[in-house]
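Take 1 as the starting number for the sequence shown in full-length UniProt numbering and just add one per residue.
Since the hints were made in silico from the structure, they are not lab data.
It is possible that some hints are incorrect.
Simulated DEER-style distance windows between Cβ atoms [said to hold, decoys possible]:
hint, residue 1, residue 2, range
1, 5, 41, 18 to 24 Å
2, 19, 68, 26 to 32 Å
3, 30, 10, 22 to 28 Å
4, 41, 79, 54 to 60 Å
In silico lysine to aspartate or glutamate, DMTMM-like type, Cα no more than 25 Å apart, as pairs [said to hold, decoys possible]:
hint, residue 1, residue 2
5, 24, 51
6, 9, 25
7, 9, 51
Fair warning: this is a prediction, and the values are worked out from it, not measured in the lab.
We put the CB at the ideal spot given by N, CA and C, even for glycine.
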Amino acid sequence: MELKLMMEKLGAPQTHLGLKSMIKEVDEDFDGKLSFREAQALSSASKFEAELKAEQDERKREEEERKLRQAAFKELKATFST
1 MELKLMMEKL
11 GAPQTHLGLK
21 SMIKEVDEDF
31 DGKLSFREAQ
41 ALSSASKFEA
51 ELKAEQDERK
61 REEEERKLRQ
71 AAFKELKATF
81 ST
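Turn these sequences into a full structure, and let the hints guide you.
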C-alpha cells in the first residue's frame with residue numbers, strides 16, 4: 001500500500017500488476033515484499049529512468065529550438081532576397 005501511495009504522490013500512479021512487477025524487479029529474497037535495501041534499489045532504478053526521460057526531453061527541446069531557428073533564418077533570408 002505504501003508503494004502505491006508513493007507512486008501516486010510522485011505523479012506516476014501504477015496498477016496493482018504494475019506495482020507487483022516493480023517489486024519483482026528488485027525482490028532479492030523472493031518474499032513478495034520490499035525490504036529497505038530492495039526499496040533503495042527500486043529508488044535507484046527510478047532515478048535512472050528519470051534521468052533518461054530528462055535527456056529525451058532535452059533532445060526534444062533542442063530539436064524544437066533548431067526548427068525555430070531555421071524558420072527564423074528562412075524568414076530573414078526572404079526579407080533580404082526581395
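Original post:
Of the numbered hints stated previously, which ones are contradicted by the structure, given in increasing order?
Top reply: Result: hint 2 breaks, nothing else.
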